[in-house]
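**Student:** Spelled out from the first residue to the last, the chains are:
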Amino acid sequence: MSHILLKGVEKIYPNGYQAIHGVDLEIEEGEFIVLVGPSGCGKSTLLRMVAGLETITSGEVHIAGRKVNDLEPSQRDIAMVFQNYALYPHMTVYKNMAYGLKNLGTAKDEINRRVGDVAKLLELEDLMQRKPKQLSGGQRQRVAMGRAIVRKPAAFLFDEPLSNLDAKLRVQMRLVIKNLQARLGTTTLYVTHDQVEAMTMADRLLVLNAGIVEQIGTPMDLYERPQTRFVAGFIGSPAMNFVEVKLSDDGSKFHIGDNALPLNKALDTSQSEITFGFRPEHLVLDDHGIIPLKIALIEHLGAESIIHAKLNNSDDKSSNAITLRLNGHTKEQNGNIVRASIAPEHYHFFNQKSGHRIRS
Amino acid sequence: MLKQVHFKSSALPYMLVAPQIIITLVFFMWPASQAIYQSLLIEDAFGLSSQFVWFDNFKELFEDDRYIKTFGRTLFFSAMVAMLSLSVSLVLAAMADRVIRGTGIYRTLLIWPYAVAPVIAGALWVFLFYPTTGIISTFLTSMGYEWNHQLKGNQAMFLVVIAAAWKQISYNFLFFLAGMQSIPKSLIEAAAIDAAGPLKRFWTIIFPLITPTTFFLLVVNIVYAFFETFGIIHVVTKGGPANATEILVFKVYNDGFVGLDLGGSAAQSVILMILVIGMTIFQFKFIERKVEY
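Listed in order, the protein sequences are those of chains A and B. Each residue of the first sequence is one higher than the one before, counting from 1 in this note's numbering. Each residue of the second sequence is one higher than the one before, counting from 361 in this note's numbering.
Next comes chain A alone, as it looks inside the complex:
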């Protein structure tokens, strides 16, 4: 049986704005689920509805086998880590961590023992008597996590916990959280707008766009078989390239400008105008390649080079921007005209109107 269950969850604000459209999600015990989407897509709202900080307009939320729609946040057996950590500024680290247990009426010895254990786990032992103000960003983040862990809740809820840290610390804490979650085996719901964070940490991802679930799946699922154009463009960095193409009448090939690319399998679509998607890392420079490109700018990152180019077609007015990602250093220059090719297994096709994936 699933540990957290969302059934047709919707959120409509009093002013009539619908923030969440019917979310269904089943989370297994111990799973690490990441809610990801652009800012304003409703992912925090959804998390707060699970936490009990926002009312649920319709649908049901179950945690650990109980329907929690009408329960107070404190009765839902969850712990939450906030974006700004929400540490109590007038309490020491110890008191911050002990506060929840104290409110639950836990015995003093027990509180001491549990806070001590968690402090050891998170290497906070030397900081126990400090106030939040005297801590660095990373330390505060650890205290906020400690406060969540010490309660031994049925589920952890994280609301963009790393977005206030600098880039280096963020990468570090990503691993810390992931390791910790794996060790504790606590079901986790994690909100972020950062797709790299989402990909690296999640067992499964839920991509949310304007309150609608675009896709739920493992990181590799989403990367290899994005079900919508939105997911395709959102997952992966640099983002997937999209070109509007025309399918030939017999459906055996499609045209990018003047060039025809053959298809191995017929596409399951009645439309001839479709969107062709391919990832920057799947493009290879190839003198016999069928896609002509004009290089506009090259970014050298050392381990890889990102080439920003344009389709070099005589008649093409849409002048699609295309990104290539090559391993190592490239000797190409700005303004060069090159040719590239893509292996057919890396083709993605989407319906131009609905944005849904077209199967082949």
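Worth flagging that the hints you see were computed from the coordinates, not collected in a lab. Take these hints with a grain of salt, some might be off.
Here are the computed lysine to aspartate or glutamate pairs in the EDC-like style, where the Cα-Cα straight-line distance is at most 16 Å [what the hints assert, rightly or not]: (1) LYS560/B / GLU72/A; (2) LYS560/B / GLU549/B; (3) LYS7/A / ASP24/A; (4) LYS545/B / GLU54/A; (5) LYS95/A / GLU125/A.
Chain A regions said to be covered by chain B (calculated; three or more residues, Cβ under 8 Å) [to be verified]: (6) 62-74; (7) 98-111.
Quick look at which bits of chain B chain A covers, simulated, 3 or more residues with Cβ under 8 Å [stated by the list, open to error]: (8) 544-554; (9) 560-570.
Since the model is a prediction, treat every value here as computed from it, not as a measurement. Note that CB positions come from ideal geometry on N, CA and C, so glycine has one too.
Mind docking chain B on chain A? Use the hints.
**Tutor:** Same frame as chain A, now just chain B:
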């Protein structure tokens, strides 16, 4: 290198600060120095002759039982006013903080009393509690409780405390509400998840976090009760019955303008001046240190 802003005429900066300095000089420094000078004199009731007596006026005051009693009464009065107005406004602010609909109306109504002049406020409470015709006193009498603040000192004190506190509630309310609303919402939410009910959240999170505000208001309220309640007392009880509501400022007025003991009255106002200066310094020093996060 040009490090300072240079004005062509050196008179301009002085002219810019002149209004403030002139006001301070005319309305504070001059009367204050006059009061200090007067407090060292004994003058006859007609103001025809005066004698320089050094600190005799002060010595006399501290040997006077009635003055010591007034001092104690003032402390009691201001403590009651501060406590009452602070606690009521704290409750109101805590409730207003949770109001979602009609916030504007609710707040505006709560702020109104602040716009009422002290004398009007006093008159209002006199009407309500007037022994023969007041609504509340009639009600109390019908309940079998005899109300007559014109005869009973305790009731008179109760009445001036209520009137003075009522007027200060709006001010405190504004500050408390602002203090509460500056607490990040996520802190309250975190506490809610940490199994703290609304009351517990208030006492363990909100109240400790607004201590600087509370402390500031405490000092302001005491100063208010000490110095700005003259109008209310004058209208409601005139210090009576039998001096039961005579506080220090009222005694200054009574002794000076009614009793025509100008020297003694001046000495009392010098003492008050020292008190208010002391409290202000205390507040500035303490508040700077108290803000701990």
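**Student:** Run every hint past the structure and note whether it holds.
**Tutor:** Verification of the hints:
1. A hinted pair counts as satisfied when its Cα atoms are at most 16 Å apart, and LYS560/B with GLU72/A qualifies at roughly 14 Å.
2. In summary, the hint linking LYS560/B to GLU549/B is supported, as the alpha carbons are separated by about 13 Å, within the 16 Å threshold.
3. The hinted pair formed by LYS7/A and ASP24/A meets the criterion: a straight-line CA distance of about 5 Å does not exceed 16 Å.
4. Straight-line distance between C-alpha atoms of LYS545/B and GLU54/A comes to about 13 Å, which keeps the hinted pair within the 16 Å bound.
5. For the hint linking LYS95/A to GLU125/A, the alpha-carbon distance of about 13 Å falls within 16 Å, and the restraint holds.
6. With 3 residues having a beta carbon nearer than 8 Å to a beta carbon of chain B, the segment 62-74 of chain A meets the requirement of three or more and the stated coverage holds.
7. Counting residues of the segment 98-111 of chain A whose beta carbon lies closer than 8 Å to any beta carbon of chain B gives 4, which reaches the threshold of three, so the coverage claim holds.
8. With 9 residues having a Cβ less than 8 Å from any Cβ of chain A, the segment 544-554 of chain B passes the three-residue criterion, so the hint holds.
9. Given a C-beta distance limit of less than 8 Å, the hint that chain A covers the segment 560-570 of chain B holds, as 5 residues qualify and 3 suffice.
Of the numbered hints listed earlier, not one is contradicted by the structure.
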